[in-house]
Structures are given as C-alpha cells and as structure tokens.
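Take these sequences, add in the hints, and give me the full structure.
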Amino acid sequence: MSALVSRATRASYVAGLLALVLAAVLVSAPWWTGIATERLIGEFMIYLALATLWNLLAGYAGLVSVGQQAYVGFGAYVLISLASLAGWSPLWAVPVAGLGAAAIAAPVARLVFRLQGAYFAIGTWVIAEVFRLVCAQIAVLGGGSGTSLTPAAMKLVAASRPAREAAIYWLALALGLGAVAVAYALLRSRIGLALTAIRDSEIASDSLGIRIDRVKFAVYVLVAGITGMVGALVELQKVRMSPDAAFSVNDWTAFVIFIVVIGGIGTIEGPILGALIYFALREYLAELGSLYLMILGALAILVMLTAPQGLWGFVQRRFGLSLFPTGYRVRGL
Amino acid sequence: MTWINAIVQGVLVGGLYALFAAGLSLIFGVMRLVNVGHGDLIVAASYLAWSIVHATGLHPLLSLIIVAPVAAVFGYTLQLGILNHTLGKGILPPLLVTFGLSVIIQNGLLQIFTADTRKLDAGALETGSFALLPGVDIGYLPLLMFATAVVVIGALQFLFYSTGLGREFRAVSDDREVAELMGVDERRVYAAAMALSLAVVAVAGVFLAIRSNFDPFMGPGRLIFGFEAVIIGGLGNLWGTLAGGVILGVAQGVGAEIDPGWQVLAGHIAFLLVLAVRPRGLFPRIS
Amino acid sequence: MGEPLLRVEALRASYGDAPALHGVSLELAKGETLALIGANGAGKSTLLKSICGLVGQIEGRILFKGEDIARCPASRIVRLGIALVPEGRRLFPSLSVEENLVLGGKARRPGPWSLESVYALFPVLKERRRQPALAMSGGQQQMCAIGRALMSNPDLLLLDELSLGLAPAIIKDIYELLPRIAGGGGGAILVEQDVMRALATAGRFVCLQEGHVSLQGDPAAHSRDDITRAYFGT
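Chains as they are written, first to last, in this note's numbering: chain E, 1 to 333; chain R, 1 to 287; chain B, 1 to 234.
Don't take each hint at face value.
Distance condition first, Cα-Cα at most 20 Å in a straight line; then the derived SDA-like pairs of lysine to any residue [unchecked claim]:
no., chain 1, residue 1, chain 2, residue 2
1, B, K106, R, L132
2, R, K89, B, S14
3, B, K126, R, K89
Under 7 Å between C-beta atoms, here's a sample of chain E residues computed to sit facing chain R [what the hints assert, rightly or not]:
no., residue
4, V64
5, A102
6, I104
7, P107
8, A118
9, I122
10, V130
11, V261
12, M294
13, I295
14, I301
15, L305
Counterexamples of contact, computed for chain B against chain R with all Cβ distances above 12 Å [claimed, not checked]:
no., residue
16, E9
17, E99
18, S163
19, I170
Simulated from the structure, these hints should not be mistaken for laboratory data.
A virtual CB, placed ideally from N, CA and C, is assigned to each residue, including glycine.
Laid out in structure tokens, this is it:
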C-alpha cells in the first residue's frame, strides 16, 4: 500500500484554476469596464491586501497590531514627498515607499516588541499617533490640513486620464493579489511552518528551537513594507490626503480587523471572504452612516463570542474545505 | 517662571491622567484584560453626566451620585454577560470584543448627541485659583482633580490589601484554579473588578466633562493617555500609575511651552523613552 | 454499614484530546485513609482534580455522600465538604500566610478547624502569619497549604504529593500529624510518590496504571511483587 503525501486538495486544484481565470479577467478589466468599476475593484484590492497582511501579523505571528495605519500614512507621505517635492514619477515612488516603510518598521519593532499582548496593540497605536503628529508638523507638506499631488506629478503616471486610472488599477491589483500570493508562498515555506507553529503554540514552538523573535520581526517588517506600498497607492488614488485621513484608525485598522475577524482569522481564505462580505454590507448599509459602523462592531463581537474562527473557519471545520492549502495531507490510506 | 508654571500645571493634570489610568490598571491586574473601549467609556460617562445635569440642574460634581452607580452596574453586567466569555482563550477575543465595543460606543454617542462638542460648567470651581508663587496659579479644579486621584488610588490600595474582596482579587489574579478550589466564584470577582473600574471611569468622565470640551471621538485619546501613564509608572503598581500620570502631564506641559502643537507629541515621546530605557516602567510590581 | 463517603463509578476524564482516566471505580468509607499510588502520568492527580471539579471533560459518576458531583463546579464542591491540598502547594504568592488561610475558610463550613486551631497545629505559621506565603521554606509552605485546606472543615481531604521537594525530616513531621488531620470522622485520599510511606499510613490502597485501577486492597494482604507489577504494569 502506498500513501502519497501531498499538499493540494481537489478543491484547491479547482480553486487554483478559477483563480487564474479570475486574475486574467481582472487584469483585462480596463478594456471592458469603466473607471467607477475600476475604482471599486481597486478599493477591494486595497482592503484585501491590508486584511491579508493583518492576518499574517495577528493570525499567525501573534502580533495584534492596532497601528498599521502608521505605515499606510507613512507610505502616502513618502509618495507625496517624492512626487510633489522631488519630482519623481509616482509609480517609482510606490516601491520606494515600501522600502522606506520597512526600514522604519525595524526600529519601531525593537521598541514596541517590549510590550506584550494587548499592551503591544495599544503601543502600536501610539506609534501611529506619533507618525501622524509628526507629519502634521511638516509645513512643506501642508501641516495639519495636508496637501495634494500636483497635476505635473499625476501626468508622470500617464498622460491621459483613462491610462492613469488603468495604471493605478493594475497597481492595486498587483498589491491585492500580490499580498495574497506572498502570504500563500510565505505560509508554504519554512518560515510559514514556523509561523503556523507559533500560531498554534508559542511555548511548543520555542521548545522546538524556532527563533520566535526573529520570525516575528521579519514578518512585522515585511508586512510594514507592503502596507507602505498600499499607503502610497491610496495617496495616488485619492490625490489629496490630510494626516488625519492618511493615519485614520477607522479606515486602515478598524475595517481591516472587522474583515479579518468576520471572514476568518488564521486562514488565507478568511480575509478574502471577509472583504467580500464587507463590501457587500457596505453596498446595502453604508447610507446608515454611523449605525452601519455599530452593526459592524456588533457583528465582530458576535463572531468573536460564538465563532472565533470566523466564517471561513466554520466552513473549514464543517466541510474540511481548503482552497489555499498550506499543510500536508496523506492520500491513499 | 513659565517653565515652573508649566511643570506645576503638568503635575496637576497628571492627576486626571491617573484617574484615566487607574481603572485600566485595576482590570489588568485582576484579570489581565485590557479594555480597548476604556477611553470611550470615560467619554460615555461624560455624556451621561451632561445629560443628568441638563435634565436636573444638579451641580456637575453631584451628578456623580447617579453616574457612578450606573457605571458600576453597567460594568458588572458587561463583564458577566460578555467579557467573561472572552477570558482564557488568548489575547484576541478580549481585544477584539472591547475594540468592537469601542466602535459601538463612539458611534452610538454620535447618533444620540451628534458631533457637536459639549462641556459641563462647574461655576466658581473652574475659575477660582490661588497663587502658589508669583506666576504660578493653582486652579481649584486641577487641585481637586489631583486630590481626587490620590484619594481614589488610596482607596483602591486599601481595598486591594485590606479587604476580603481585595484578597479575592489578588488570589484570582495569582492562581484562578486554586482560587476556585477555595470557593471563589471568579466570574463574580471579575464582574466586581469591572464594576469598580467603571466607577473610577465615572469620576474621570465627570472631571473630563468639566475640564474641557468633549465629543464622541475623544475616547481613544484618553485610552492612550491612561495606557501611557500605566506603562510609564510600571505594571501592577497603582501609586506608580499616579507617578506615570504626573510624568506624562509634565512632559506634555513642557512640550506645550516649546510649541503648542507639540503638547501631545511630547507625552508620546516621554512614553517611548521610558519604553526604550525601562521597558517594565519605573516602579513595576507584576512580572 | 452506611453508604460510602465517596464512590467513583466508571470515571473517564480527558484534557482536550488526551484521555487520562479510562474507567476508574473506587470507594472510600467514612474515617478511612486511602493511599493512591502509581507511576507518573498514571492519572493520580487527574483523579483528585476530577473529584474537586477541576476537570472539564468527565464521564461517569462521582457520588459524594450520595450526591453525584461529577459535573459540579469546583466552588460548589468545596462547600459540600471536599478540600484539596494541591500538588506543589500552590499557595497564593500575593497573599500573606494568614490571608491564604483565611481564604481557605471562605466556604465557612462548621467544624473544629479555624485560624486558632490551625495555628495550634502548626505554630510556625502563627509566627510568620503576616509574611508573604512564599517567603517560607518548603516544609512550612506545605503546612500552610494543608492548613488552608483544613480551614474549610472538609469531610473529605485530598492530599496530592505532600512530600514533593521536602527534606525527609520535614516529611516525617508532617506525616506524624496526619492522624490529627485526617481524624475527625471524615476521609482522606493520599497521593504519594513514596509508596512505602503511603502504604504504611493508609488503611487501604488503590494503584493506578495508565488510567485504570490495576490493584486495590489492604496493604498487608499484598506482596511487594504484586504491588510492583501493578505499579509498572508488566
């Protein structure tokens, strides 16, 4: 009798094929749809990226950060500095923003890793506040009211509006799908194995010799870097940003957390499902304004109390489904 | 002299920060829970006080007679009904549930009271002062806030170390399982701790309402000040939390003297400095 | 012949996915001291914890004075009259010696034990009553843990590994006090690594091996070989 150790499931083969088809469809979107749809999909991709990244941090590395908006805002400010002040093409500024965010995340991590658990969370929030307050002091970038990307800078992206929107759209696609791909690849690698072990039990991982501190540091810096790029993209999309908007807790953390919690923390599929649910809810409930936010909050509480693994976690348990398998299965027994 | 005045005022406002922080410190000590909605509950207490004062014409400080018990009962119920179910399952559930709570409170207050700022008027208390030194005026309100902080922390210390309930707080925090073996109902002990925490929150909220304009979104800022006071002072030490509040207040005061836009930032920098140099705080007691 | 003080029937207990007891049955009469022996991991502590209400996943029955307490919460069980001296003492570090004892008396049951009588039994505790509990030596801490359990005036006293980490002279002193402790018409179950001492102290014994009862009865009626076999399960 031979048993085969494999990583894929039948569902994941199907999902993989569907994903490729979907990606092709999405990439071709600028040719068969308008700017409004591009923006909507782009926004979805931004939240998908942020949610996937936050899930890596909190769901796997055990780093529950309530301060990722620090890197969103930082990325935005790097982009606007390079593009409006230094005359760079904004498209080149995006990866530089990512590198800058990763660079600044390193000393931040050294500092904030001294805190544990929920205190770590609030510490990351304080850091984000520090970033916001410092940026609000920079007069040349508009101080407290912020500033806009100059038309000249926008022209450097592309000459015509449709081309610009397409470029920004493809960038969003790259970041959204890229974040999921990076997360998937990471979790299938040795670091991913370490992360999953840490997620399940830090004590056990430690006893196995996994350098938890190093893994957490690496993940934190990586996530910060990609988050910085997302921030740069957001600036590119919105053109005008103020410190309050760039470093908004609500927009870049609260919604992201809700997406991951409701969708399913600790799984790759969870953030995807959560983002879909979030956007669907927004379509129907957004006109309720602050009532909508209260419903989101109540939903997150409900999920945490009754189904802490989220919707996908529930599906996974119930049906054994795994579209992005990161573990190993034994077939043929 | 303006520097000395800045420092003195900073010390006094440290009392208010210590009041923000005391409830947070208490909860963490007893059940290792950090309530992300703590600041929002302070603001909610401010709104409750405002509502009572506008309905009854009571003096703002007297509104505490109603606000404090209401807050305590709410805390007891909240803990028993919701927060107890998040304990013992890792850091995510309590964090995310209290985060959800924070969002609900903020937006609930917005719905009910709109985004307009409010303030409570305490009359002579607010405007009166005496001169400690030429150029250094001590206002009655700041002095009262500081004195209240000292009294509240003193009372909490007494409760913790000289009463049966305090004994149970410490036992349950040390070893939950063995405390159960002695007949301690941990669910009710936690609920009592939260009730106490919210009673202190009520006091902080009333003072906040008198001292400054408030709006539904001020919660996270107060949470951060309270949290910074706790970390600077050292975990597990209520008097340390008072010291932390004072240091934070002084840092902010000095920062404001340099440049008004630097006030809050200076406090954050002081916090980060302490975190860098003395990660466990200045007077820690818990490991 | 009245009904037994404690009767355990087909007890299965698990921690999460790991089963620890696979159907244990035993009985304890009033006034009896039972020795519970077995190798590490045999399930002795699990059995005591199950009786105290600290194990969540239980099947079977645990009848104490006729009432099934298998699924009662621990805080209720102490009020019914069962007290545990936990393995490793587990005194409260933030509490003084006296505070530990007073907390033990929270269940407020009637009986001979009170702060005065516990201090009479263990005078050294009275001397150090205001000190932090962990500032004492191992033997003194053990006395404090025993006193704390006695303060609830239990009808059934469970003692888990009294001699762990203690010097032989101290162990001897504590065991000499055992008749006064377990006297009074209640019952006691003694878990002890030191098999000989346990068998010498108790009237009956139960030997656990990998979660089942492998041998039980009167110590005098069984040979060393029998007991060794039951202990190691050859």
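Item to complete: State the violated hints by number, sorted upward, taking the hints as numbered earlier in the document.
Response: When the structure is compared with the hints, numbers 1, 3, 5, 6, 7, 13, 17 turn out to be violated.
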